[in-house]
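Chemist: Can you make the complete structure from the sequences, with help from the hints?
With this note's numbering, letter number 105 in the sequence shown gets 362, and the count goes up by one each step, no holes.
One thing to keep in mind: the hints can contain errors.
Claimed, not checked - Below are the BS3-like pairs computed for lysine-lysine, each with C-alpha atoms no more than 30 Å apart in a straight line:
| id | residue 1 | residue 2 |
| --- | --- | --- |
| 1 | 509 | 468 |
| 2 | 509 | 453 |
| 3 | 407 | 305 |
| 4 | 309 | 298 |
| 5 | 453 | 507 |
| 6 | 293 | 305 |
| 7 | 407 | 309 |
| 8 | 298 | 407 |
| 9 | 293 | 309 |
| 10 | 507 | 468 |
| 11 | 453 | 468 |
Keep in mind that the hints were calculated from the coordinates and are not lab data.
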Amino acid sequence: MNDINAFLEMGSEWTPWLIDNMVNLVVGLVVFFVGKFIASKVSQWCEKRLLKASVDQAVAGFASSILYALMFAGVALMALGQIGVQTTSFIAILGAAGLAVGLALQGSLSNFASGVLIILLRPFRSGDFIDAGGQMGTVNRIELFHTYLKTPDNRVIIVPNSAVMDGSIVNFSRESTRRLDLVIGISYDADIRLAKQIMQEIVDADERILKEPSCLIAVSELADSSVNFFLRPWVASGDYWTVRADLLEKIKYTFDERGVGIPYPQMDVHVHKQES
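Modeler: Next comes the structure, spelled out in structure tokens:
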């Protein structure tokens, strides 16, 4: 009974405050949720406008993420001010708390700083195929803390921005052309001139292979079981893998048809018999 009376007395003390501030609470909640909705829509609109202006998709996504974060922080402060919270003191408290959180979240801050560097330095763009942070894939999106890559088999890899910037970045799409580096081996009893002629004919017949720079075909090594050739044609970056597969297939079929052997690894063993 005493607990009930105490609860009723506490309620009677809080009731006038609630009545006086109910309107402010409701308005503060409305400001928060409506402001959050508007911030989301504005950031999306900003991203679409940037894309229409031919801004890189990664840059547009990163800019919209920052805009949303700033607008959301402003909306939260407005809502707190509406319900009577002293925002000046609150900002000071947030600053102190932010310092402590910043020390605890050094990794996240490093990812954010790396994201800013990626946008400023532009080592890659959306749509580039890269090898970074130990992962390979096509750049889909760059956000505040992570870079999203899509692999050829349609997997999405989320790489921390700090991992991207802390290591080497290989951009396979930056240049419009690439060189194929193939090693073709023939048997020692095969005709070297004929093998070189066949490879030259195959290269000349493929329109996807560029005439300039010219293709290099030369003996590179007298290996244990084969005579190895360098075959180094230049192609457009988008044709790299298809030309590579087609060249290897055509070389194998043509070598078989014209009697140029491609050897298996082999070892000659000589046995010496010792008489007792």
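Chemist: Run every hint past the structure and note whether it holds.
Modeler: Results for each hint:
1. 509 to 468: 23 Å, holds
2. 509 to 453: 13 Å, holds
3. 407 to 305: Holds. Residue 407 to residue 305 sits at ~21 Å (cutoff 30 Å).
4. 309 to 298: Answer holds: residue 309 to residue 298 is near 17 Å, not above 30 Å.
5. 453 to 507: 14 Å, holds
6. 293 to 305: 19 Å, holds
7. 407 to 309: 23 Å, holds
8. 298 to 407: 26 Å, holds
9. 293 to 309: Given that 30 Å is the threshold and the Cα spacing comes to 25 Å, the pair holds.
10. 507 to 468: Distance of about 19 Å is within 30 Å: holds.
11. 453 to 468: 17 Å, holds
Every hint from the earlier list agrees with this structure, and none is contradicted.
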